[in-house]
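Each chain is listed here by its residues.
Number of protein chains: 4
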Amino acid sequence: MSYARQMLNSYPLTFNVEASVLAATIDALKDCAQACTADAADDLSEQNVTALVKCIRLCLDCADVCAATLAVTSRQTEHDANVTKPLLEVCATTCKSCGDECERHAQMHEHCRVCAEACRRCERACRELVAAMK
Amino acid sequence: MSYARQMLNSYPLTFNVEASVLAATIDALKDCAQACTADAADDLSEQNVTALVKCIRLCLDCADVCAATLAVTSRQTEHDANVTKPLLEVCATTCKSCGDECERHAQMHEHCRVCAEACRRCERACRELVAAMK
Amino acid sequence: MSYARQMLNSYPLTFNVEASVLAATIDALKDCAQACTADAADDLSEQNVTALVKCIRLCLDCADVCAATLAVTSRQTEHDANVTKPLLEVCATTCKSCGDECERHAQMHEHCRVCAEACRRCERACRELVAAMK
Amino acid sequence: MSYARQMLNSYPLTFNVEASVLAATIDALKDCAQACTADAADDLSEQNVTALVKCIRLCLDCADVCAATLAVTSRQTEHDANVTKPLLEVCATTCKSCGDECERHAQMHEHCRVCAEACRRCERACRELVAAMK
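Heads up: the sequence lines are chains H, Y, L and S, in that order. Just so we're aligned, residue 1 is where the first sequence starts under the numbering used here, counting upward by one. Just so we're aligned, residue 1 is where the second sequence starts under the numbering used here, counting upward by one. Just so we're aligned, residue 1 is where the third sequence starts under the numbering used here, counting upward by one. Just so we're aligned, residue 1 is where the fourth sequence starts under the numbering used here, counting upward by one.
No wet-lab data here; the hints were simulated from the structure. Incorrect hints may appear among the rest.
[Stated by the list, open to error] Short, incomplete list of chain H residues facing chain Y, as computed with Cβ under 8 Å:
1. N48
2. A51
3. V53
4. K54
5. L60
6. T77
7. E78
8. V83
9. P86
10. L87
11. T94
12. D100
13. E103
14. A106
15. M108
16. V130
[Stated by the list, open to error] Some chain Y residues close to chain H (C-beta under 8 Å, calculated; not the full set):
17. N82
18. V83
19. S97
[Claimed, not checked] The calculated lysine-lysine pairs, modelled on DSS-like cross-linking and capped at a C-alpha distance of 25 Å, are:
20. H/K96 with H/K85
21. S/K85 with L/K54
22. Y/K54 with Y/K96
23. L/K96 with L/K54
24. L/K134 with S/K134
25. S/K134 with L/K85
26. Y/K54 with H/K134
27. H/K54 with H/K96
28. S/K54 with L/K96
29. H/K134 with H/K96
30. Y/K54 with Y/K134
31. Y/K54 with H/K85
32. S/K96 with L/K54
33. H/K54 with Y/K134
34. S/K85 with S/K134
35. Y/K54 with H/K54
36. L/K134 with S/K54
37. L/K134 with L/K54
38. Y/K54 with H/K96
39. S/K54 with S/K96
40. S/K54 with L/K54
Nothing here was measured: the structure is a model prediction, and the numbers come from that model. Glycine is no exception: its CB is placed at the ideal position from the N, C-alpha and C atoms.
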């Protein structure tokens with residue numbers, strides 16, 4: 001069982017979303033933030049770095065937005081849906097932009113392929129959590 | 001001249017938004033993220049901490065969302081308006097929620113009054129930057 | 001295989017540390033940062049919140065230090081050991097402080113027990129990576 | 001008066017360091033984190049980006065370490081010197097590495113010159129705060 005799930009299971013109050021959906025999103029956000037941080041740096045080691053500038057920039061943005069969304073969704077106490085829902089939507093949009101760009105380089109660079117996969121999974125997870133919050 | 005403005009002035013390419021509006025937003029985001037981090041911790045030193053739980057939680061969220069928005073707006077290269085604009089809007093919403101809650105404690109706690117002011121200023125700055133991007 | 005390990009396996013150049021040790025540290029840092037963020041918020045839902053103020057504060061610090069260490073260790077390109085090693089040492093120290101405090105509340109609060117475990121594992125992983133870098 | 005100083009002035013308890021020294025460090029950390037985030041992205045807009053890879057990487061690290069140090073120094077409640085002091089020392093070291101590298105590009109790129117200045121100021125401020133904590 002992931003730490004995210006263990007933490008949710010030990011939360012002293014109740015929350016309105018199914019724990020399995022929330023835990024899956026938290027885990028996807030953790031993985032995506034880290035993969036994007038790594039991919040931006042990996043791109044800098046490639047010979048065709050000028051062709052990867054957009055990819056680097058979007059990976060940096062995606063890492064930052066996922067990190068903020070991860071923190072906000074990790075807090076259950078006094079949860080404010082007016083903040084969480086639009087933030088999850090922006091995060092899904094950012095993962096989409098970043099995943100699209102990474103995918104363009106996936107055949108040439110395996111690290112971009114892995115990162116694109118992490119972005120796709122995170123985009124889906126954010127959208128599923130928004131749907132579950134309705 | 002703030003470092004944010006100096007950095008914008010030395011950006012090698014052009015950008016579509018007026019530098020003064022962008023710099024004002026970046027400076028407001030820096031101040032708001034730091035004020036919220038400080039206010040959440042200050043609340044923990046108050047005797048009536050149980051009455052401040054919602055304030056602490058919203059300050060932590062606001063600090064995280066402002067930090068991500070600060071990073072994204074600080075990057076000009078390969079700027080993606082599909083990410084930046086909705087992120088600025090979520091940031092304004094978060095500053096509004098946090099500022100409203102801080103204001104409720106402003107008469108009793110000076111640190112909440114200062115933090116509420118930082119949130120109001122940041123909310124306005126984010127909205128003005130969105131307007132300038134149209 | 002974790003995303004951290006997949007990203008390391010696809011890094012285009014070589015690095016001086018064994019990938020399995022590095023991946024284990026990255027995974028421990030991800031888990032610890034998230035557990036600490038969650039635990040700080042969980043503490044705010046407890047009735048004896050005043051007894052948990054030190055725990056909250058250390059969890060917030062530990063989350064921030066782990067997040068920075070996670071980002072730095074996720075970047076292989078142009079790695080600077082003068083930054084990484086002392087940062088890993090500070091991170092281990094912070095995990096120790098936070099884990100000790102969480103453990104004091106572990107019998108009363110299950111979320112503090114889980115968080116203490118994440119801190120212990122992360123402390124060990126950071127020290128093992130420092131040892132492997134020598 | 002900066003928001004950092006206003007927040008310190010409204011802290012409900014006392015702290016052991018002079019507020020002016022602490023506020024100066026907090027302001028320097030805010031500026032350095034933002035300048036490094038901006039400089040890493042500015043470098044990506046330069047034609048000789050391959051010559052700037054080390055600069056980009058160190059700027060990303062410096063932004064992350066400054067952000068964590070900023071958060072930790074912004075919290076006064078239950079301050080733990082065992083965490084804060086070594087973290088400030090690592091932050092000074094990171095600012096030194098990053099400032100040295102930025103300075104190498106300062107004549108060619110004005111944004112690197114401004115960033116180097118922010119790093120130097122932050123390095124000094126961190127060392128002064130450590131000295132004041134003794």
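Now the hints, each set against the structure:
1. N48: violated, 16 Å
2. A51: Violated - the Cβ of H/A51 stays beyond 8 Å from chain Y, reaching only about 12 Å at its closest.
3. V53: holds, 6 Å
4. K54: With a minimum Cβ separation of about 4 Å from chain Y (threshold 8 Å), the hint on H/K54 holds.
5. L60: holds, 7 Å
6. T77: holds, 6 Å
7. E78: With Cβ-Cβ at 4 Å, under 8 Å, it holds.
8. V83: holds, 5 Å
9. P86: Holds - the Cβ of H/P86 comes within 8 Å of chain Y, reaching about 5 Å at its closest.
10. L87: holds, 5 Å
11. T94: Status holds, d = 5 Å.
12. D100: violated, 10 Å
13. E103: Given a least distance of 15 Å, the restraint on H/E103 is violated.
14. A106: For H/A106, the interface hint is violated, since the closest Cβ of chain Y sits about 19 Å away, which is over 8 Å.
15. M108: violated, 19 Å
16. V130: violated, 13 Å
17. N82: holds, 6 Å
18. V83: Hint holds; Y/V83 Cβ to chain H Cβ min 5 Å, cut 8 Å.
19. S97: With a minimum Cβ separation of about 6 Å from chain H (threshold 8 Å), the hint on Y/S97 holds.
20. H/K96 with H/K85: holds, 17 Å
21. S/K85 with L/K54: With a Cα-Cα distance of about 18 Å, the restraint between S/K85 and L/K54 holds, given a limit of 25 Å.
22. Y/K54 with Y/K96: holds, 14 Å
23. L/K96 with L/K54: holds, 14 Å
24. L/K134 with S/K134: This hinted pair is violated, its Cα atoms lying about 30 Å apart.
25. S/K134 with L/K85: holds, 24 Å
26. Y/K54 with H/K134: Roughly 22 Å between the alpha carbons, so the hint for Y/K54 and H/K134 holds.
27. H/K54 with H/K96: holds, 14 Å
28. S/K54 with L/K96: violated, 32 Å
29. H/K134 with H/K96: holds, 22 Å
30. Y/K54 with Y/K134: violated, 34 Å
31. Y/K54 with H/K85: holds, 18 Å
32. S/K96 with L/K54: With a Cα-Cα distance of about 32 Å, the restraint between S/K96 and L/K54 is violated, given a limit of 25 Å.
33. H/K54 with Y/K134: holds, 22 Å
34. S/K85 with S/K134: At roughly 9 Å apart (the allowed maximum being 25 Å), S/K134 and S/K85 satisfy the hint.
35. Y/K54 with H/K54: Not OK: Y/K54 and H/K54 at ~39 Å, beyond 25 Å, violated.
36. L/K134 with S/K54: holds, 22 Å
37. L/K134 with L/K54: Between L/K134 and L/K54 the Cα gap is close to 34 Å, so the pair fails against 25 Å, i.e. violated.
38. Y/K54 with H/K96: Violated, because 32 Å separates the two Cα atoms, which is more than 25 Å.
39. S/K54 with S/K96: holds, 14 Å
40. S/K54 with L/K54: Distance ~39 Å between S/K54 and L/K54 Cα, so the pair is violated.
Hint compliance for this structure: hints 1, 2, 12, 13, 14, 15, 16, 24, 28, 30, 32, 35, 37, 38, 40 are broken, all remaining hints hold.
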